[in-house]
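Student: Could you slot chain B onto chain A? The hints should help.
Chains as they are written, first to last, in the numbering used here: chain A, 1 to 424; chain B, 1 to 424.
Derived by calculation from the structure, the hints in this document are not laboratory data. Hints are supplied without guarantee of correctness; some may be wrong.
Chain copies aren't distinguished; within one or between two, either way the pair holds.
As the list claims (entries may be wrong) - DSBU-like mimics (lysine-lysine), calculated; alpha carbons at most 30 Å apart, straight line:
no., residue 1, residue 2
1, K221, K296
2, K311, K221
3, K423, K70
4, K296, K423
5, K221, K99
6, K99, K423
7, K221, K423
8, K296, K99
9, K70, K221
10, K99, K311
11, K296, K70
12, K311, K423
Protein chains: 2
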Amino acid sequence: MNQGLEDKLSSPDKPNGRIWDRLWTNVNLATMQGQSYGEIYHGAIATTGSRISWLGPQDQLTDPPEQLAKTVTDGMGHWLTPGLIDCHTHLVFASNRAKEFEQRLRGVSYAAIARQGGGIRSTVSATRAASTEELIRSASQRLQSLLDSGVTTVEIKSGYGLDIDTELRMLRVMTALENNLAVSIHKTYLGAHTIPSEYEHHRDGYLNLICNELLPLIGEKNLAEAVDIFCESIGLNLAESTRILEAATDLNLNVKMHADQLTDMGASALAAEFRALSADHLEHCPESGVRAMADKGTTAVLLPGAFYYLKENRIPPVELFRSYGVPMAIATDLNPGSSPVASLLTIMNMACTLFSLTPEEALSGVTSNAARALGVLDDRGTLEVGKRADFVLWDIQLPAELSYWVGFNPGVERVKDGDPIRKA
Amino acid sequence: MNQGLEDKLSSPDKPNGRIWDRLWTNVNLATMQGQSYGEIYHGAIATTGSRISWLGPQDQLTDPPEQLAKTVTDGMGHWLTPGLIDCHTHLVFASNRAKEFEQRLRGVSYAAIARQGGGIRSTVSATRAASTEELIRSASQRLQSLLDSGVTTVEIKSGYGLDIDTELRMLRVMTALENNLAVSIHKTYLGAHTIPSEYEHHRDGYLNLICNELLPLIGEKNLAEAVDIFCESIGLNLAESTRILEAATDLNLNVKMHADQLTDMGASALAAEFRALSADHLEHCPESGVRAMADKGTTAVLLPGAFYYLKENRIPPVELFRSYGVPMAIATDLNPGSSPVASLLTIMNMACTLFSLTPEEALSGVTSNAARALGVLDDRGTLEVGKRADFVLWDIQLPAELSYWVGFNPGVERVKDGDPIRKA
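So here's chain A without its partners, still in its complex pose (with noise of 0.2 Å):
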């Protein structure tokens, strides 16, 4: 806060005379509304408490902006953009597959890594052992990595428990990790991951406690905003994932699945067919699936960082998406298995050089894509009056640059419900 505004606040003369909380002036916006990136060049924006309270021209404000904010900050001629928000993570479990990933580097296969009890089913093991504690503490590294590259808003599920207790546990954490970190978190349930190995031998011993115990509780105890599944050749069949979307559904949930990944099953056309908010991964969706997903309003979520990591070689089909009008979110994936990957501006390169969105498309597929991902575009994802003040200060030239660098963070300041956040 500049110091002769302190002054002006503490004189009694003209308490009044301020209608907003803050606001930033000597801003281009992108705002993510209308053509392009939205642009509103030499802008400005206010808020009062956590929400946007105006936006637009700066030559369009009536009076001296300290006329017009208890609080004002110079923007210094950089870009500002709506929070990043990171729709698909798996960023809470214990330990770590570092190990893992040196030894397939040094020649050991697959199969010699998952008989020594590799894979998905350590991460369980290790993160059903693990204290919360230790849960809480290793996530919120993780998570504090993500806030760094600019994130305001973090989906996270739960799905290395795979058993009553370490799931609600997991649940738990996140609760614990929104109320630590200056940031809104929206927890998936992700009890369909895979069947634990103590369920191996009759698969529908664990569909029924999904489905007649987990998704009861959760509904009615409100404890996650979605249930996912993970529908795939390794994960669950067509008819296991049917049966969980349909126990979700008739408890009013959200649903979203992770489709098309490794193989086309019809994973993504089922996701549409129960109105989920997105399919997400869709290496391998076919063109029925992304006619089934436009007519039903479902997102594609797509992740980059997974794609990387395995060496794929089919990308989505993105143009596909483009002409039948899907929208096309992108997300980190952030998990220990198939993408280790805690910066959302990184994954937003990897779109643009994997996938070859353009940068406007990446943006927008951290925003307002996300946002509708995540089934909360009427709240934010865009810079609009009435929204949560979440939004970003960057020192570029050019939006585009967002999605241009890798390693390079050019981040100024995080703005999270109002409250700004600088770098330090």
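Tutor: Coordinates of chain B only, in the frame set by chain A:
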């Protein structure tokens, strides 16, 4: 510094009881010497002035740590590695090419971008036009990003001036960067980056400028540690490169070369013939080039960032480098056109994920072998008594984690010339 120790220091009764300036205890050392990572578990490391004065298992310390050093740091069981060395960058430049990046993704052709003055020539124009202060300011941001990722030594090439004044100015900017930030900078003269447009129709004229004016000046005034050449179908041809190599070696200047990136022109063998410190890129390096490099002790510098941005398909002959015993370094290649990557940690991951290096090879690629590529292995690149006290403390369980994550920085403390710089 712990308070008890501070008190001791101010007490007059035992002023000479300590033999080292600083001591880190309770660390695992990855010395990068000998087998694998050269691990010393439960270790300690001491410095005197800017040098490493002792290291080993902590139980070999003969006295309590506080009696052995003026300052003792508890390493909390973290890992400590040599400071990272980025041995190939072009990080001094004006403007950036985010606009071109966006145009290409919107479908504008390379030819159309070239017609509007794009590509390297746009960076040359902008760099010539920029003030020295502006060059220092923008380069400092990128350099700071590298330092944040654990780097203590950076090589920087000129080559965006291509005239006497601007090339010399770029070298002076590097000196200013070294004076402003806690990092060692190795300056490389890359006048032979491309033929500037004003010499397009008399290429020999530009070679005369390099060989008759700039190289002698650089040799006489010691303005750079090495001379580099972009030997490529779109750069200088083999005869032109040979002429510069001859002129540089006649002046006893170290040489290195951009070789075999896009085509096999025999560049790596030529570099070896002139006993180049390194040949860099090498995607198209043939076995004869590998053999020549092995014979002459030329280090291979692999640059996965450019491979990634340019969507190349052919990876460097890593197996051949291994079997012939050619040391492999890796680097960011930080530049505005083909590798706007400002994190050496991310490059370590790309080396593993895209080129199938092991995490151990990736770490030696940015420590011992990077030092080799700069000709300074006797001074740094491993943890050894007498070497420069450049190292990094990481909050990780295994050294492989440094290559495993993307966009997650586990750095806790960077030590440059014996001076610790804590993460903010």
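Student: A separate judgement is required for each hint: does it hold in the structure or not?
Tutor: Here's how the hints hold up against the structure:
When the C-alpha separation of K221 and K296 is checked against a cutoff of 30 Å, the pair qualifies only within one copy, where the shortest distance is 28 Å, while the shortest distance between copies is 71 Å. Proximity of K311 and K221 under a CA criterion of 30 Å is satisfied in neither setting, with 41 Å inside one chain copy and 49 Å between copies. Only within a single protomer do K423 and K70 lie at most 30 Å apart by alpha-carbon distance; the minimum there is 22 Å, versus 33 Å between protomers. In this homomeric assembly, K296 and K423 never come within 30 Å of each other (Cα to Cα): the closest approach is 41 Å inside a single copy and 48 Å across copies.
Taking the closest pair of Cα atoms, K221 and K99 never come within 30 Å of each other, the shortest separation being 38 Å inside a single copy and 49 Å across copies. For the homomeric pair K99 and K423, the shortest alpha-carbon distance between copies (26 Å) is at most 30 Å, but the shortest distance inside one copy (33 Å) is not. In the homo-oligomer, the alpha carbons of K221 and K423 never lie at most 30 Å apart, since the shortest distance is 37 Å inside one protomer and 41 Å across protomers. Taking identical chains as interchangeable, the C-alpha atoms of K296 and K99 are never at most 30 Å apart, the minima being 42 Å within one chain and 36 Å between chains.
Proximity of K70 and K221 under a CA criterion of 30 Å is satisfied in neither setting, with 40 Å inside one chain copy and 57 Å between copies. Proximity of K99 and K311 under a CA criterion of 30 Å is satisfied in both settings, with 19 Å inside one chain copy and 28 Å between copies. Proximity of K296 to K70 under the C-alpha cut-off of 30 Å is found in neither arrangement, the shortest distances being 45 Å within a copy and 69 Å between copies. When the C-alpha separation of K311 and K423 is checked against a cutoff of 30 Å, the pair qualifies neither within a copy, at 34 Å, nor between copies, at 33 Å.
Of the numbered hints listed earlier, those contradicted by the structure are 2, 4, 5, 7, 8, 9, 11, 12.
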